[in-house]
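On the provided structure of chain A, position chain B as indicated by the hints.
Chains as they are written, first to last, in this note's numbering: chain A, 46 to 315; chain B, 336 to 628.
Hints were generated in silico from the structure; no laboratory data involved.
Possibly wrong hints are sitting among the right ones.
Unchecked claim - Computed cross-link-like contacts, EDC-like style, restricted to lysine to aspartate or glutamate with a CA-CA straight-line distance of at most 20 Å:
# : chain 1 : residue 1 : chain 2 : residue 2
1 : B       : K437      : B       : E516
2 : A       : K148      : B       : D559
3 : A       : K206      : A       : E219
4 : A       : K206      : B       : D524
5 : A       : K148      : A       : E219
6 : B       : K385      : B       : D375
Claimed, not checked - Facing chain B, according to a computed beta carbon distance under 7 Å, are these residues of chain A, among others:
#  : residue
7  : P66
8  : F251
9  : L288
10 : M293
11 : G302
Note that beta-carbon positions come from the ideal geometry of N, C-alpha and C, so glycine has one too.
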Amino acid sequence: MARRALFYVGLLLLLLAVLFPLYWVVVTSFKTTRDAFAIPPVWLFSPTLENYRTVFANRGFLSAFANSFIISILSSALAVAIGSIAAYGLAQQPAALRRSKEKFILSLRIAPALLFVIPMYYLATRIGALNQHWLLIAAYAFVNVPFAISLLITFFDDIPKELRDAARVDGAREFSVFWHVYLPAARGGIVATLILCVLFTWNEFFVALVLTGRNTQTLPVSITSFLTFQGIQWGALTAAATLIMLPMIVLGVLVQGQIVRGMTLGSVKG
Amino acid sequence: MSTVATASDPTRHFFQPIIVCLTVASVALTLFVIWISLHDLSLMRAGREKFVGLDNYVRFFGDPRAMAALWRTVLFTTLATVIEIALGLAVVLFLDRDFAMKRLVRTLLLVPIIMTPVVVGLTWRFLFDPASGMANYLLSLAGISQVDWLGSPQVALFSVLIADIWQWTPFVILLVMAALESAPTDPLDAARVDGAREWQVTWYVLLPMLRRALAIVALIRAIDSIKAFDLFYIMTRGGPALSTETLNYYGYIVAFTNFDISYALAIAIILTIFTNVALLTMYSVLFPKAGER
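Isolated chain A (complex conformation) (with noise of 0.2 Å):
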């Protein structure tokens, strides 16, 4: 009983730990100014929206906002298109073509992101297009394209090869098969590559920060903004980041168990 006991605890404070400072910024951002610094910290108090006000009257996060939601889904998007379509292929190759290509895929991913966003900048800044959306749908869709293949192939892994050979002795074409077979039965792993892919580019920061310019800032980016301008406001920067990370906390819970799996580009099975 005593173990038992001595168990819940130390399940409270792993839950405390894990939970605490992200309880403390959503909080902090229904504080006034005054009680967001008392020290010591006022654990009740009575809420108000005048952070959030703050928020919606800056111009510059509403776009932000915007040019996030565009970004994020039009990349990731394309990237699920193309990728479904490479990867319906490759699950279908022998295991050792298949190995060295998921291997080649894979390699794409250990490179530092400086490694080819220097020379994007560069050709952008030649070109002027590093003001402009496609831009930055482009560098997402290139980054997310080797993950949604690695991820997609686990995913059409788990049909069963009957149903292509069924369909196939029925006459159907390639095409056919992945359209009308493939797609339909792997719904849910598209929809969750999807929604990591959403996650992945919504949260991303370097990438952005080096290639969006005035009108295509997205939030991450954009959030920086209230750490510089007369010093830090903590307030409106707790309210900003509440409103940024809540709806990746929706997405993420609704295909939790995808993401372990996702970001192990199923190495792990979750």
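Chain B only, in chain A's frame:
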């Protein structure tokens, strides 16, 4: 399968164009990057670059700032990977029993992983605020004197490390947990029946079964830690006094503050080579019998 049959196999048309595109793009990019790194291209005077051979690479090894950044990257990556694996494994063993709300605990553990890294950086910067931050308040409750978490060159790197550990240990936990649950329980029971003590079961039976999962997660964490950028940019900007500048961050500064993109790409290439060597070494240590899984 004969070559003729393979060549006419229509499924090849599904992946070949994309693989060819990716190959061409990466080869072109590599050549372009190497070409730039062998010149003295600067964004300040584009179009007037000249060939300088290996000067940028020679410069790297004589650049004390780059050497310090390389050493810091090694330190940060090693500490982050080792601590996250050890802590994650400890938590997995701790949680390895049936209890109410296990599913809920798993869901809650996801939260740091999917949190926007920039927001994680801001969160910890807020908690580490010297005057009104929670970290110093907790220390004062325990009667310990205040720490200048992000302002002291001796401490700042470890403060960033704490944030990294907070965000990524749950990832290790979830991955190893998944591996543990798919592992067979028979060997464990057999060992217990043979009279092994609980620590012996864990050490001699359970850990070897988790070896592959631990190796994979260690490789993933090492790759990501070498490239870590967001937390450094948000929490310290490489400071104070360059005490948190990693090689990746230094490369960014060289490229986008000094606009010296040739040297920056030389740094990026060295970083890539360094990463690959480190990974191959880790791989051969973690998977000693290559080819066999």
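Now the hints, each set against the structure:
1. B:K437 / B:E516: 13 Å, holds
2. A:K148 / B:D559: Satisfied, since the Cα-Cα distance of roughly 18 Å is no more than 20 Å.
3. A:K206 / A:E219: Roughly 13 Å between the alpha carbons, so the hint for A:K206 and A:E219 holds.
4. A:K206 / B:D524: 36 Å, violated
5. A:K148 / A:E219: Between A:K148 and A:E219 the Cα gap is close to 25 Å, so the pair fails against 20 Å, i.e. violated.
6. B:K385 / B:D375: 6 Å, holds
7. P66: 5 Å, holds
8. F251: OK, holds: A:F251 within 7 Å of chain B, min 5 Å.
9. L288: With a minimum Cβ separation of about 10 Å from chain B (threshold 7 Å), the hint on A:L288 is violated.
10. M293: Result: holds, 5 Å to nearest chain B Cβ.
11. G302: 9 Å, violated
Hint compliance for this structure: hints 4, 5, 9, 11 are broken, all remaining hints hold.
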